[in-house]
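Protein chains: 2
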Amino acid sequence: MKIVIVGGGAAGTRTAIELRKRDRNSEILIINEKNYREYSPCGMPFVLSGDVKNFEALQTLDNKFYEKMKIGIILGKKVKDIDFKNKKVIYDNTEVDYDKLILATGSYAFVPPIKGLDSESVIVFKDIDDAKKIHEKMKKIKKTVIVGAGLIGLETAYAFVKNNIKVTVVEMLDRVLPVMLDKDMAEIVKKHLEDKGIEIYLNEKVLGIGEKVKTDAREIEYDLVVISSGVRANIDLARKVGIETEFGIKVNKKMETNIKDVYACGDCVECMDFITGKSIMSQLATTAVRQAKVLAENITGRDANFAPVLNTSITELFGLEIGTTGLTVARAENEGIKVITGKYRGKTRPEYMGGEDIVVKIIADEKGKILGSQMIGKSLVGRIDAMCLAILNKMNVKDLANMEYCYAPPVSQEFEPMYIACEFVVKKLR
Amino acid sequence: MKIVIVGGGAAGTRTAIELRKRDRNSEILIINEKNYREYSPCGMPFVLSGDVKNFEALQTLDNKFYEKMKIGIILGKKVKDIDFKNKKVIYDNTEVDYDKLILATGSYAFVPPIKGLDSESVIVFKDIDDAKKIHEKMKKIKKTVIVGAGLIGLETAYAFVKNNIKVTVVEMLDRVLPVMLDKDMAEIVKKHLEDKGIEIYLNEKVLGIGEKVKTDAREIEYDLVVISSGVRANIDLARKVGIETEFGIKVNKKMETNIKDVYACGDCVECMDFITGKSIMSQLATTAVRQAKVLAENITGRDANFAPVLNTSITELFGLEIGTTGLTVARAENEGIKVITGKYRGKTRPEYMGGEDIVVKIIADEKGKILGSQMIGKSLVGRIDAMCLAILNKMNVKDLANMEYCYAPPVSQEFEPMYIACEFVVKKLR
Chain A
1 MKIVIVGGGA
11 AGTRTAIELR
21 KRDRNSEILI
31 INEKNYREYS
41 PCGMPFVLSG
51 DVKNFEALQT
61 LDNKFYEKMK
71 IGIILGKKVK
81 DIDFKNKKVI
91 YDNTEVDYDK
101 LILATGSYAF
111 VPPIKGLDSE
121 SVIVFKDIDD
131 AKKIHEKMKK
141 IKKTVIVGAG
151 LIGLETAYAF
161 VKNNIKVTVV
171 EMLDRVLPVM
181 LDKDMAEIVK
191 KHLEDKGIEI
201 YLNEKVLGIG
211 EKVKTDAREI
221 EYDLVVISSG
231 VRANIDLARK
241 VGIETEFGIK
251 VNKKMETNIK
261 DVYACGDCVE
271 CMDFITGKSI
281 MSQLATTAVR
291 QAKVLAENIT
301 GRDANFAPVL
311 NTSITELFGL
321 EIGTTGLTVA
331 RAENEGIKVI
341 TGKYRGKTRP
351 EYMGGEDIVV
361 KIIADEKGKI
371 LGSQMIGKSL
381 VGRIDAMCLA
391 ILNKMNVKDL
401 ANMEYCYAPP
411 VSQEFEPMYI
421 ACEFVVKKLR
Chain B
1 MKIVIVGGGA
11 AGTRTAIELR
21 KRDRNSEILI
31 INEKNYREYS
41 PCGMPFVLSG
51 DVKNFEALQT
61 LDNKFYEKMK
71 IGIILGKKVK
81 DIDFKNKKVI
91 YDNTEVDYDK
101 LILATGSYAF
111 VPPIKGLDSE
121 SVIVFKDIDD
131 AKKIHEKMKK
141 IKKTVIVGAG
151 LIGLETAYAF
161 VKNNIKVTVV
171 EMLDRVLPVM
181 LDKDMAEIVK
191 KHLEDKGIEI
201 YLNEKVLGIG
211 EKVKTDAREI
221 EYDLVVISSG
231 VRANIDLARK
241 VGIETEFGIK
251 VNKKMETNIK
261 DVYACGDCVE
271 CMDFITGKSI
281 MSQLATTAVR
291 QAKVLAENIT
301 GRDANFAPVL
311 NTSITELFGL
321 EIGTTGLTVA
331 RAENEGIKVI
341 TGKYRGKTRP
351 EYMGGEDIVV
361 KIIADEKGKI
371 LGSQMIGKSL
381 VGRIDAMCLA
391 ILNKMNVKDL
401 ANMEYCYAPP
411 VSQEFEPMYI
421 ACEFVVKKLR
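Sequences listed follow chains A and B, in order. Residue 254 in the working numbering is what sits at position 254 of the first sequence, and the numbering runs on without skipping anything. Residue 41 in the working numbering is what sits at position 41 of the second sequence, and the numbering runs on without skipping anything.
No wet-lab data here; the hints were simulated from the structure. Keep in mind that the hints are not guaranteed to be accurate.
[To be verified] As a list, the in silico DSBU-like pairs of lysine-lysine whose alpha-carbon atoms are at most 30 Å apart:
| no. | chain 1 | residue 1 | chain 2 | residue 2 |
| --- | --- | --- | --- | --- |
| 1 | B | LYS254 | A | LYS68 |
| 2 | A | LYS88 | A | LYS278 |
| 3 | B | LYS398 | A | LYS347 |
| 4 | B | LYS77 | B | LYS137 |
| 5 | B | LYS191 | B | LYS166 |
| 6 | B | LYS253 | A | LYS428 |
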């Protein structure tokens, strides 16, 4: 069998690896538009910050690995067409046969309509080339403006501060991390960032970049502007060849497109939201990795389904972890779902052991079924994953309020913050 | 209503507090055999180690709190009899009326049959008086022997090492933390402790304490011997007055004993094991706290049930966290349950971010239903709680193997160790 994968990012590369784990004989070929192999895009801000020593460290798979796994890879070639009838992928003047085709074309940076983007002092931050440009500029600049207060924007802001560069963040919406957090939780993060010296302007639109960055409320001095206003699915190729798309490529549970023997995964596909049942994007490395496994199972003759998602995610900014899973209140209200919330502010460990601050917000429907959770503080990783499991199991806050948990003074509290927050919801339900 | 609580430890005190939260008017009286108010017994080893500055810090509720909450407390009085017919509790020559009675008589230290225990240089470690004695002795000694490698034994060993005292631990069973861990996992902990200079002898029985500590294999020099060989339910009073007991007080889901208006909770009661359905002990602070809530709900006219338990627990020894939930392989085999296990050794975070070691073991039945998990490493708190939720929801490793999780390089891996371990089980199921 000949398997061709269009795209060599996390989704494409993981698919190749998961396929090879299950199938020793098939030919596997990645065709990547970019001139480099897979790296960890999530790690880029931490190279900029100095936490990771260089960009090479983000490329954890070396050439030998591809050779050993017998994964072919063509770099710097853009697939321009697909001939479904004859099962061929076309780039330049070359045709490549396939039995199974996987589109892992990823995403591109959304760029808001701002005047003056063509300046050398403006970088749209999406991939490692952009990161390297920022890294180079960093050595020479004193003040920067970041457009967009999403994950990448704030992680980049953190990196600039670590390099003693003044940072101003301008966000069009009413809060930082608007996809992850409700306004009350986002305020905690905003204050934390402001305490570290970051200037943040919300509800503010950047109109143009000239001598200064001009917003609808002020002018801001800068040496460098970084645009990080979110990403969109890369679906030009899919659209051109007649694969069904809307804001992403449409796939079924098996990761199949509407064309026989053509699959898709990663940032370019739409997923199903677990709670609303609607199509949403899930442009997370974890989603790509998980879809790659489903794809590999199905292509190698097993039967696997990709489950609806909660878009569970996390970050850390100046030592403060921020995590989320499921619906925010804002999104629930958009969907017409009435919610009840509980919020616990406490400590991760007993005061006498020097416990750190933690805030947990729980969002439930009117019957108490848990729909979402947001957390800010320390030791969040497993807790976010626990609430993800609770939502997927359609658990009720009544059961969670007195749930079993682990406790020892060096690591946790006699009371688990997650479940206290659930108890607060239960009280409101009465 | 007059509510009398026999026992002023975690279970009794939490019951009083939870009752008061729900009922402003009833009289609430705690009668405590000990001469002091509630403190955190789990914190004791960390005072000995110096991580917590003094024993007073473990007593988080002061006299004012009891006054403010209108919780009466009688200290240093042992209840000798109960008159169910006339609803009276009797201590000394005093009778106290009750409408509702709660037995929270806790547990006592099991002392193995060893000769020479009556020496001044031997301390059976159970409560804060014992801890204070050890604390006092610590200043003068150079070498100590700990009998029992359970949680308290090892936490105390840690405390001695922190005070530059040589420690030898003697354990009758074939591994450390035998309740929490299987042998393969326990070996990791043993090696970690040995690396810190602790001498550990397994499969070895202490026969007597004289000039030296004599085991069935050797003689060990000592200045102090600490006995920490587990605890047993304190059920003398219950037995005497005809309350149903076996190895603990028998209660139903509502925490009622077989006698009308008499309840029990905490270390003195039996619980139901979630997986086997059998009676087990759950002598954890978290269990006491959770039972107190159920009790308070039921006494104040609501309807609550205490759910079967997994005995989820955790500790930290020299920076290494050790957690468990559900069945160990050893316990499963004792119950005649055939199991399949998966074990993942990896990192909490990417190598390029300086990830720390983590080992996760997953135990499932032959159909893949998850029954237990053991973990050693860092950032375990929420992860253990997540696996606890997975077991209680009767999840299958097939679903967990490709489960959603959170990821960001500063805090976690692109692959979640819990779910990789589940994937290993899935592979064995095929």
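Comparing the hints with the structure gives:
| no. | hint | in the structure |
| --- | --- | --- |
| 1 | LYS254/B x LYS68/A | violated (61 Å) |
| 2 | LYS88/A x LYS278/A | violated (33 Å) |
| 3 | LYS398/B x LYS347/A | violated (35 Å) |
| 4 | LYS77/B x LYS137/B | holds (28 Å) |
| 5 | LYS191/B x LYS166/B | holds (16 Å) |
| 6 | LYS253/B x LYS428/A | holds (25 Å) |
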